[in-house]
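With chain A held as given, fit chain B onto it using these hints.
Chains as they are written, first to last, in the numbering used here: chain A, 1 to 415; chain B, 416 to 764.
These are computed hints drawn from the structure, not numbers from a lab. Don't take every hint at face value.
Derived CB-CB ranges, DEER-like [stated by the list, open to error]:
#, chain 1, residue 1, chain 2, residue 2, range
1, B, Asp-539, A, Arg-47, 24 to 30 Å
2, A, Glu-256, B, Arg-688, 46 to 52 Å
3, A, Arg-103, B, Gln-452, 54 to 60 Å
4, B, Gly-640, A, Ala-107, 38 to 44 Å
5, B, Ala-704, A, Ala-107, 36 to 42 Å
6, B, Arg-538, A, Asp-69, 30 to 36 Å
7, A, Arg-380, B, Gly-640, 47 to 53 Å
Lysine-lysine pairs mimicking DSBU-like chemistry, simulated, CA-CA at most 35 Å apart [claimed, not checked]:
#, chain 1, residue 1, chain 2, residue 2
8, B, Lys-616, B, Lys-461
9, A, Lys-79, B, Lys-666
10, B, Lys-616, A, Lys-79
Listing some non-contacts, in silico: residues in chain A with all C-beta distances to chain B over 10 Å [said to hold, decoys possible]:
#, residue
11, Arg-16
12, Gln-33
13, Glu-194
14, Ser-391
Predicted, not measured: the structure shown is a model, and the values here were computed from it. C-beta atoms are modelled at their ideal positions from N, C-alpha and C, and glycine is treated no differently.
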Amino acid sequence: MLFPLPNGSDAAKPARVAVTGAGIVTALGVGWQKNAEGFRAGRTAFRPVSLFDVSRQRCKIAAEVDLPDELPATRLSRKNLQRLDRASRMLLLAAAEAWSQARWNAADDMPVVLGTTGGEMNLGQQFLRQAIQSPDDRRRQPTRITHYQAQRQGLDLCGAFGFQGPVTIIANACASSANAIGHAWELVRRRRAETVITGGYESLSEMTLGGFDSLQALSPAPCRPFAVDRDGLTLGEGAAIFALESLDRALRRDAEILGEIIGYGAVTDTYHLTQPHPGGNAALGAMSAACARAGVSPAQIDYLNAHGTATPHNDAAEAAAINLWAGPRAPDLPVSSTKAGIGHLLGAAGAVEAAVCLMALRGQWLPPQTSSGPLDPACRFHLVREPADASLNIALSNSFGFGGANATLILRRWA
Amino acid sequence: MGLSRVFVRGIGAVSPAGWGVPALRAVLDAGAPLATQPLSRPGRQKPLEVRLVPPPPSRPSFLGHARLRRTSAITQFAVAAAIEAWGHNAAPAQKDGPALGIVVCVLTGNVTYSRRFYEEVLRDPPTASPLIFPETVFNAPASHLAACLGTAAFNYTLVGDEGAFLQGLALAAHWLADDSLDACLVVGAEETDWIAADALKLFQHASVPAAGAGALLLGKNSGPGAIAELAAVTGSFSFTQNQSRADAARKMRAQLPPCAADELLCASAHDSRPADRAEVAAWRDWQGARLAPKALLGEGLAAASAWQCVAACDNIGRNKFAAANVSVVGLNQQAIGARFTKPVCSASP
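Excised from the complex, chain A in its bound form (with noise of 0.2 Å):
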């Protein structure tokens, strides 16, 4: 039942939660390794967009994914892995990563909670296209909008390792996969679940292109976070998948502890929909939230992994609420954005920079943003720009969105 709670778990000491498997798909590579190592070096992955047509678009330049030929061997039919598109192939690398890492058997209820904008959006495309232009046409039509729906990628999921579910699927714009991850989050703390899998997805799109481009809000360079001369964002693709468990459970089965997630706060920016408040007020909210949760101060936190888009309205609100909530704490405060690497990947960018953060805490490292120009003098906070190895205990990912959902995440090293 998913309602009510078991007798007494209400009044239940909360669980701490550890992460036990993690998978990561960006255009700096597939899998962990191929990753740590180059968020650690601060490597850009920007190139001409080449999935589809953008001669008639301001930019022409995306992070895109180089998927392989092969996906891992799974409990899917060939018949299931060809009807996959580009967003499953990254969700179930991803995923099948962080499966094997976390060493699971299948259970019946363990549920999955993913954030993804888009679910499989250029099936949807392909869809809409047919429509158009063979409206008699009806071939293929079928298995499109199936699989174009993102609850679909979370069943392709279960079946994969051979588990029922239930599949939750939170679309809070930008910060879906952090929201995702939040709510998995919550589900393991409050003794809900024992296991989770959980994380987000996207793919590069023209629609998506089509869309932040007509906002004006795309780079035609590649992105330059916090600079004082930033013009917009570029866009990339990728996955990132957790399997979370309660730390009790993990270290009854001596399973390997990459982290664990200690606080996650959400607050709703209700000042317009694509642009935050001047001030930040609500990613100071999350961020002061998701610190009270995880009872910490700013000043115990060692890398903060920024939204950072690098359009001037978020890093100009951004970087106000950082300086606000860490207060004296700022001017030795290391931040970055990822971003400058791979892109804002919409849905999945939360998950994904949450295994930034995993990643820096384990190997101790700070991930720089090599890219940036001239810092915007509203930063008052240590922008990471070199390679640098660090002594870190404690990581903090910020996610905004559109429609003003902002969400941040706190992440201890295990240690």
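Only chain B this time, still in chain A's reference frame:
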């Protein structure tokens, strides 16, 4: 039974029956399917048959809000249903008042603006409208609703089949149980567009696509004004390689009580179509009263499961039944159920 109790403190609906719960109630009480309307489909001679939401009797006052000037139909349906459930003469939530959360559940979501925008991108990307694109994002209706009601609390948009609305109820109930919120609006909403109707027809040829919204206001206060108690939300049983629709429906049914004479079944299935067989079989033992809003209103997807819950609560609130079970066996994701009962005052409101 856990320690936390959750009550339905308001209901709202927009449907092909009209704007408001009374219009929905009138059609469900009458029991006759609404007339259909033709919806043209580019490139094809034969129009689609759908049930459209009629225009509101007067311009809703919420449309005066600056955020709602260019909003799509789905946002207007969602906001109207939510404000009806919220009551309070549509006054925004007080800044220092109870924390009001929002969960909006959709399957197709903002499909009209999405189609229009993509058509513009295909035609000539540099002229694609920047006014439309933000409205294509799934959480636009939830965002506009939060702005109308002035609430900064939790605000989630869930995407899934019809069962997502019941998942939304459970999510809201958890937030209430955790004291993260004092109240939560759960809304299921959809809008009509030829592309979505065309897609639905690929799978359910006999279905009549419909649109609208339904909303429940959940809170912890069992005092005056409580319409029903949310007694249970079953597990969400996914349709997977190892769990058929029939298995999932059976498991959902098993988590709800046997038939009682003074109880209502509010089902999503309404005839013997292949898509409905699993649900019909799961509830074969039910000899009591049944209501299937979709049969009268059409396939409203997330809105339809919300109408089921609104109808269940409304029937309890009008003392027609002591309890109502809601059964949803969705289009392509899950079987999930809920149970509402008459509210009995708890010791501590």
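For each hint, the structure was consulted:
{"no.": "1", "hint": "B:Asp-539 x A:Arg-47: 24 to 30 Å", "verdict": "holds (25 Å)"}
{"no.": "2", "hint": "A:Glu-256 x B:Arg-688: 46 to 52 Å", "verdict": "holds (50 Å)"}
{"no.": "3", "hint": "A:Arg-103 x B:Gln-452: 54 to 60 Å", "verdict": "holds (56 Å)"}
{"no.": "4", "hint": "B:Gly-640 x A:Ala-107: 38 to 44 Å", "verdict": "holds (41 Å)"}
{"no.": "5", "hint": "B:Ala-704 x A:Ala-107: 36 to 42 Å", "verdict": "holds (38 Å)"}
{"no.": "6", "hint": "B:Arg-538 x A:Asp-69: 30 to 36 Å", "verdict": "holds (34 Å)"}
{"no.": "7", "hint": "A:Arg-380 x B:Gly-640: 47 to 53 Å", "verdict": "holds (49 Å)"}
{"no.": "8", "hint": "B:Lys-616 x B:Lys-461", "verdict": "holds (13 Å)"}
{"no.": "9", "hint": "A:Lys-79 x B:Lys-666", "verdict": "holds (28 Å)"}
{"no.": "10", "hint": "B:Lys-616 x A:Lys-79", "verdict": "holds (24 Å)"}
{"no.": "11", "hint": "Arg-16", "verdict": "holds (17 Å)"}
{"no.": "12", "hint": "Gln-33", "verdict": "holds (31 Å)"}
{"no.": "13", "hint": "Glu-194", "verdict": "holds (15 Å)"}
{"no.": "14", "hint": "Ser-391", "verdict": "holds (34 Å)"}
Going through the hint list in order, the structure satisfies each hint without exception.
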